[in-house]
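Protein chains: 2
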Amino acid sequence: MAISEKVRSALDGASWVRRMFEQGEELKKLYGEENVYDFSLGNPNLEPPASLKKALKALADQPIAGMHRYMPNNGYVETRKAIAQFLEEESGLPFEEKHVVMTVGAAGGLNVVFKALLDDGDEVIVPSPYFMEFKFYIENSGGQIRLVETHEDFSLDLKEIEKALGKKTKAVLINSPNNPTGVVYSKESLKALGALLTEKSRQLGKTIYLITDEAYRRIVFDRIPLPIAFQYYPHTLRVTSHSKDLSLPGERIGYVAVNPLCEGVDELMAAIVFANRTLGFVNAPALMQRLVAPLQRNSINIKEYEEKRDLFYQALTSYGYQLVKPEGAFYLFPKAMIQDDVAFVKELQSKRILTVPGRGFGKPGYFRIAYAVERSTIEKALPGFKEVAEKYRAGGR
Amino acid sequence: MAISEKVRSALDGASWVRRMFEQGEELKKLYGEENVYDFSLGNPNLEPPASLKKALKALADQPIAGMHRYMPNNGYVETRKAIAQFLEEESGLPFEEKHVVMTVGAAGGLNVVFKALLDDGDEVIVPSPYFMEFKFYIENSGGQIRLVETHEDFSLDLKEIEKALGKKTKAVLINSPNNPTGVVYSKESLKALGALLTEKSRQLGKTIYLITDEAYRRIVFDRIPLPIAFQYYPHTLRVTSHSKDLSLPGERIGYVAVNPLCEGVDELMAAIVFANRTLGFVNAPALMQRLVAPLQRNSINIKEYEEKRDLFYQALTSYGYQLVKPEGAFYLFPKAMIQDDVAFVKELQSKRILTVPGRGFGKPGYFRIAYAVERSTIEKALPGFKEVAEKYRAGGR
Numbered sequence: 001m002a003i004s005e006k007v008r009s010a011l012d013g014a015s016w017v018r019r020m021f022e023q024g025e026e027l028k029k030l031y032g033e034e035n036v037y038d039f040s041l042g043n044p045n046l047e048p049p050a051s052l053k054k055a056l057k058a059l060a061d062q063p064i065a066g067m068h069r070y071m072p073n074n075g076y077v078e079t080r081k082a083i084a085q086f087l088e089e090e091s092g093l094p095f096e097e098k099h100v101v102m103t104v105g106a107a108g109g110l111n112v113v114f115k116a117l118l119d120d121g122d123e124v125i126v127p128s129p130y131f132m133e134f135k136f137y138i139e140n141s142g143g144q145i146r147l148v149e150t151h152e153d154f155s156l157d158l159k160e161i162e163k164a165l166g167k168k169t170k171a172v173l174i175n176s177p178n179n180p181t182g183v184v185y186s187k188e189s190l191k192a193l194g195a196l197l198t199e200k201s202r203q204l205g206k207t208i209y210l211i212t213d214e215a216y217r218r219i220v221f222d223r224i225p226l227p228i229a230f231q232y233y234p235h236t237l238r239v240t241s242h243s244k245d246l247s248l249p250g251e252r253i254g255y256v257a258v259n260p261l262c263e264g265v266d267e268l269m270a271a272i273v274f275a276n277r278t279l280g281f282v283n284a285p286a287l288m289q290r291l292v293a294p295l296q297r298n299s300i301n302i303k304e305y306e307e308k309r310d311l312f313y314q315a316l317t318s319y320g321y322q323l324v325k326p327e328g329a330f331y332l333f334p335k336a337m338i339q340d341d342v343a344f345v346k347e348l349q350s351k352r353i354l355t356v357p358g359r360g361f362g363k364p365g366y367f368r369i370a371y372a373v374e375r376s377t378i379e380k381a382l383p384g385f386k387e388v389a390e391k392y393r394a395g396g397r
Numbered sequence: 001m002a003i004s005e006k007v008r009s010a011l012d013g014a015s016w017v018r019r020m021f022e023q024g025e026e027l028k029k030l031y032g033e034e035n036v037y038d039f040s041l042g043n044p045n046l047e048p049p050a051s052l053k054k055a056l057k058a059l060a061d062q063p064i065a066g067m068h069r070y071m072p073n074n075g076y077v078e079t080r081k082a083i084a085q086f087l088e089e090e091s092g093l094p095f096e097e098k099h100v101v102m103t104v105g106a107a108g109g110l111n112v113v114f115k116a117l118l119d120d121g122d123e124v125i126v127p128s129p130y131f132m133e134f135k136f137y138i139e140n141s142g143g144q145i146r147l148v149e150t151h152e153d154f155s156l157d158l159k160e161i162e163k164a165l166g167k168k169t170k171a172v173l174i175n176s177p178n179n180p181t182g183v184v185y186s187k188e189s190l191k192a193l194g195a196l197l198t199e200k201s202r203q204l205g206k207t208i209y210l211i212t213d214e215a216y217r218r219i220v221f222d223r224i225p226l227p228i229a230f231q232y233y234p235h236t237l238r239v240t241s242h243s244k245d246l247s248l249p250g251e252r253i254g255y256v257a258v259n260p261l262c263e264g265v266d267e268l269m270a271a272i273v274f275a276n277r278t279l280g281f282v283n284a285p286a287l288m289q290r291l292v293a294p295l296q297r298n299s300i301n302i303k304e305y306e307e308k309r310d311l312f313y314q315a316l317t318s319y320g321y322q323l324v325k326p327e328g329a330f331y332l333f334p335k336a337m338i339q340d341d342v343a344f345v346k347e348l349q350s351k352r353i354l355t356v357p358g359r360g361f362g363k364p365g366y367f368r369i370a371y372a373v374e375r376s377t378i379e380k381a382l383p384g385f386k387e388v389a390e391k392y393r394a395g396g397r
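Residue numbers (the numbering used here), protein chains in the order written: chain C, 1 to 397; chain F, 1 to 397.
No lab work stands behind these hints: they were computed from the structure.
The structure presented is a predicted model; accordingly, all values stated were derived computationally and were not measured.
Worth double-checking, as some hints may not be accurate.
[Unchecked claim] Only some residues are given here: those of chain C computed to face chain F with a beta carbon under 10 angstroms: (1) 2; (2) 4; (3) 8; (4) 11; (5) 45; (6) 65; (7) 70; (8) 116; (9) 136; (10) 231; (11) 234; (12) 262; (13) 267; (14) 278; (15) 279; (16) 283.
[Said to hold, decoys possible] List time: in silico DSSO-like cross-link candidates among lysine-lysine, alpha-carbon distance up to 30 angstroms: (17) C/98 / F/6; (18) F/206 / C/6; (19) F/200 / C/6; (20) F/206 / C/54; (21) C/98 / F/135; (22) C/28 / F/81; (23) C/98 / F/29; (24) F/29 / C/163; (25) C/6 / F/135; (26) F/57 / C/135; (27) F/98 / F/81; (28) C/28 / F/98; (29) F/135 / F/168; (30) F/6 / C/6; (31) C/53 / F/81; (32) F/53 / C/81; (33) F/346 / F/380; (34) F/29 / C/54; (35) C/81 / F/29.
All residues carry an ideal CB built from backbone N, CA and C; glycine is no exception.
Please model the complete structure; the sequences and the hints are all you need to start from.
In structure tokens form, the structure reads like this:
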């Protein structure tokens, strides 16, 4: 065999987002791009804030000598200082620049964190439904993913997490606001999770880490403040990016920040920097590091996503879809109206609507809608959602 | 233990470039940055070509809608087309955009290629002296590095490679122009290597891949044309970047190109794209992909590096240093004048000269000079090189 066996079997396996994408491309060829309503990918349609565009223009007009050269593998000290200052304000914890490593987006950051932490066979607990790439990221460093169920409303089920915690557990990975559900974990649940991990770490005589994927952290609605996980557990690593809050997903800029109170924090930072270098990232893109530094308190207009959520949620519920009202990110995760989520997604495809079956997120019987698209796309797609609902409501589930 | 055992033992191991860097920082604090002559890192001092700066300014002045969004994981089709066209011209082979994947630099590209190819225990043959990061890149995907000696002048020793080729061999990795030696492998040696790999692949009943790290490919001197490895072996993967030819190392932009005649090329490309995605790179930085596309035939002024090579090489040989005259890259790799290269490098440090011992590249008894620095830095350092040479020439080796 030519390519890696591991990669071949992964390629053969189900990547539903990918499959839907390809079927969508077919539909677009057939009907024209404007007549296909693509909710399959979480690719933000909003442009970056004006402040970022202005900063890019200023830097292009007056380049700084050496601004494209290598810098230390953890990133520019100025950028890390700006982020540390923001984190200190936000959390009240004594963050310094040494607690921050700039990364190639959150996906890069997660790979780096797993490489730094995991040995062969170590388990990482992940509440499901979940972003399926996590499995690859964990396995890349020899770890194993261990899925745990969430409650019916996709909130954390602490009992399930407690049952899964054991000798092999190295970390718990949570993602809030969540992809695919849009759920934001409450302050109370993070507090309870922190208490559980503290107690279990003590019992097991080892530190269990909490890794928080906060890629959607600024996209929260209804003026809900996003709880700060750092405040409820010392051994917490935040992995995030500016892909969504500054709409820069193609530029691959994010960071890992480790709680200053984390056990062995200095050694952990050294391990993270080592992983960043040797996994081939080397450093986060230089130009973007410079641009995002002063924008830690900025973001695209979150209200736009909130309005789309409202429009979509109200319409779908009025058609009879059952779904949890998302408090963040730009996803909806309704129940499919028949048990077979793939068949249901195909039914939506017949209305030129592209979504992803729930089994692509470890949750058959549901489907994901990514609504980081033009409002008009949502409006044009709604009749199709309605027709499908009418067909199946009549039949009953 | 908190962090990964694998990472801890790697951190404890010798990273000589890093150690020298840290000792250099100490010296700089003591004597002032301008009084320390730092040849420890290959961090290009030249600015990118004017054409690149102009293109950045144009894009910042008139942003294209969606230019920071995700694109397909292999990169923009326009960029890949531009590169394929260039490769076709250069090699005469039928390159298409599907044979190119944009990557986060060459380090990212190498990790992606190893992930796509290697299963646990697979061997990758690497001629030594070598860039030590290769070991990590190969091990990240479960592979093993197998070092083979080169000739006295650091040219490829085909007999050594032949001896190492066997059932476990998945690939041979070469780096030309070479870091740390500056040597450029001749057309004849690549032809002979191609013939050897063809014969051995036939004997072993499997395809052995040739991976060429061509990060320094445009930095060749004396009007030597860089031989095109693609022309001498079909199962060749080129990994390269624009870190050196366009002086963009901090921006992390490069590509992997696979010979269109490579066995199973379509599946291999799918595996490479999968690895690019799941290792967390996702895609090469969007803005840079756009900027480098039209600059495939451009580069910084190579003559500047050639003049520095001439200055340095002539001076060192006149002081009695023994070294191979490099035909490319921006490194010199002289013999240390005493057996202990670390002691010799310390002696140079006493003259405020920073270099890296040869054992940092698998070759004790030598040391590496990275001369991508200001000409004045070289000029000011030469007396120190001379004094050390005089001390040891008198003593004899």
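These are the hints, each one checked on the structure:
1. Residue-level restraint check for residue 2 of chain C holds (minimum Cβ-Cβ distance to chain F is 4 angstroms; threshold 10 angstroms).
2. At about 5 angstroms, the closest approach between the beta carbon of residue 4 of chain C and any beta carbon in chain F falls short of 10 angstroms, and the interface hint on this residue holds.
3. For residue 8 of chain C, the suggested interface contact is upheld, since its CB lies about 7 angstroms from the closest CB of chain F, less than 10 angstroms.
4. Among the interface hints, the one on residue 11 of chain C holds; its C-beta lies about 6 angstroms from the nearest C-beta in chain F, closer than the 10 angstroms criterion.
5. Annotation: residue 45 of chain C was flagged as interfacial toward chain F, and the flag holds, the nearest CB pair being 8 angstroms apart, inside 10 angstroms.
6. Taking 10 angstroms as the C-beta contact cut-off toward chain F, the hint placing residue 65 of chain C at the interface holds, the least distance being around 7 angstroms.
7. Among the interface hints, the one on residue 70 of chain C holds; its C-beta lies about 5 angstroms from the nearest C-beta in chain F, closer than the 10 angstroms criterion.
8. Contact between residue 116 of chain C and chain F, as hinted, is supported at the beta carbon level, the nearest pair being about 6 angstroms apart and thus within 10 angstroms.
9. The beta carbon of residue 136 of chain C comes within 4 angstroms of a beta carbon in chain F, closer than 10 angstroms, and the hint placing it at the interface holds.
10. This hint is violated: residue 231 of chain C has a C-beta 21 angstroms from the nearest C-beta of chain F, more than the 10 angstroms allowed.
11. Checking residue 234 of chain C against chain F by beta carbon gives a least distance of about 13 angstroms; that is not within 10 angstroms, so the hint is violated.
12. For residue 262 of chain C, the shortest C-beta to C-beta distance to chain F is roughly 9 angstroms, which falls under 10 angstroms, so the interface hint holds.
13. Taken as an interface hint, residue 267 of chain C checks out: its beta carbon lies about 6 angstroms from the nearest beta carbon of chain F, inside 10 angstroms.
14. Interface restraint check: residue 278 of chain C against chain F, minimum CB-CB distance 4 angstroms, threshold 10 angstroms, status holds.
15. A distance limit of 10 angstroms between C-beta atoms decides the matter here; for residue 279 of chain C the minimum to chain F is near 6 angstroms, and the interface restraint holds.
16. Here the hint on residue 283 of chain C is kept, as its CB sits about 6 angstroms from the closest CB of chain F, short of 10 angstroms.
17. Taken as a hint, the residue 98 of chain C and residue 6 of chain F pair is honoured in the structure, with Cα atoms around 23 angstroms apart against an allowance of 30 angstroms.
18. For the hint linking residue 206 of chain F to residue 6 of chain C, the alpha-carbon distance of about 18 angstroms falls within 30 angstroms, and the restraint holds.
19. As the CA atoms of residue 200 of chain F and residue 6 of chain C are separated by approximately 25 angstroms, the hinted pair is consistent with the 30 angstroms bound.
20. With a C-alpha separation of about 55 angstroms, the suggested pair residue 206 of chain F and residue 54 of chain C falls outside the 30 angstroms cut-off, and the hint is violated.
21. Taken as a hint, the residue 98 of chain C and residue 135 of chain F pair is honoured in the structure, with Cα atoms around 27 angstroms apart against an allowance of 30 angstroms.
22. Taking the CA atoms of residue 28 of chain C and residue 81 of chain F, the gap is near 23 angstroms; set against the 30 angstroms cutoff, the hint holds.
23. Restraint check: the Cα-Cα separation between residue 98 of chain C and residue 29 of chain F comes to about 20 angstroms, which is no more than 30 angstroms; the hinted pair holds.
24. Using a Cα cut-off of 30 angstroms, the hinted pair residue 29 of chain F and residue 163 of chain C is violated, with the two alpha carbons roughly 53 angstroms apart.
25. For the hint linking residue 6 of chain C to residue 135 of chain F, the alpha-carbon distance of about 20 angstroms falls within 30 angstroms, and the restraint holds.
26. With a CA separation close to 40 angstroms, the supplied pair residue 57 of chain F and residue 135 of chain C exceeds the 30 angstroms bound.
27. Between the alpha carbons of residue 98 of chain F and residue 81 of chain F the distance comes to roughly 8 angstroms, so the proposed pair stays at or under 30 angstroms and holds.
28. At roughly 21 angstroms between alpha-carbon atoms, residue 28 of chain C and residue 98 of chain F fall within 30 angstroms of each other, so this suggested pair holds.
29. Of the supplied pair hints, the one linking residue 135 of chain F and residue 168 of chain F holds, its CA atoms being roughly 16 angstroms apart against a limit of 30 angstroms.
30. With a CA separation close to 21 angstroms, the supplied pair residue 6 of chain F and residue 6 of chain C stays within the 30 angstroms bound.
31. Simply put, residue 53 of chain C and residue 81 of chain F have alpha-carbon atoms about 28 angstroms apart, close enough for the 30 angstroms limit, and the pair holds.
32. Taking the CA atoms of residue 53 of chain F and residue 81 of chain C, the gap is about 28 angstroms. The hint holds against a cut of 30 angstroms.
33. At most 30 angstroms may separate the alpha-carbon atoms for a hinted pair to count; residue 346 of chain F and residue 380 of chain F meet this at roughly 18 angstroms.
34. With a C-alpha separation of about 36 angstroms, the suggested pairing of residue 29 of chain F with residue 54 of chain C is violated against the 30 angstroms cut-off.
35. Annotation: proposed proximity of residue 81 of chain C to residue 29 of chain F holds, straight-line Cα distance about 21 angstroms (limit 30 angstroms).
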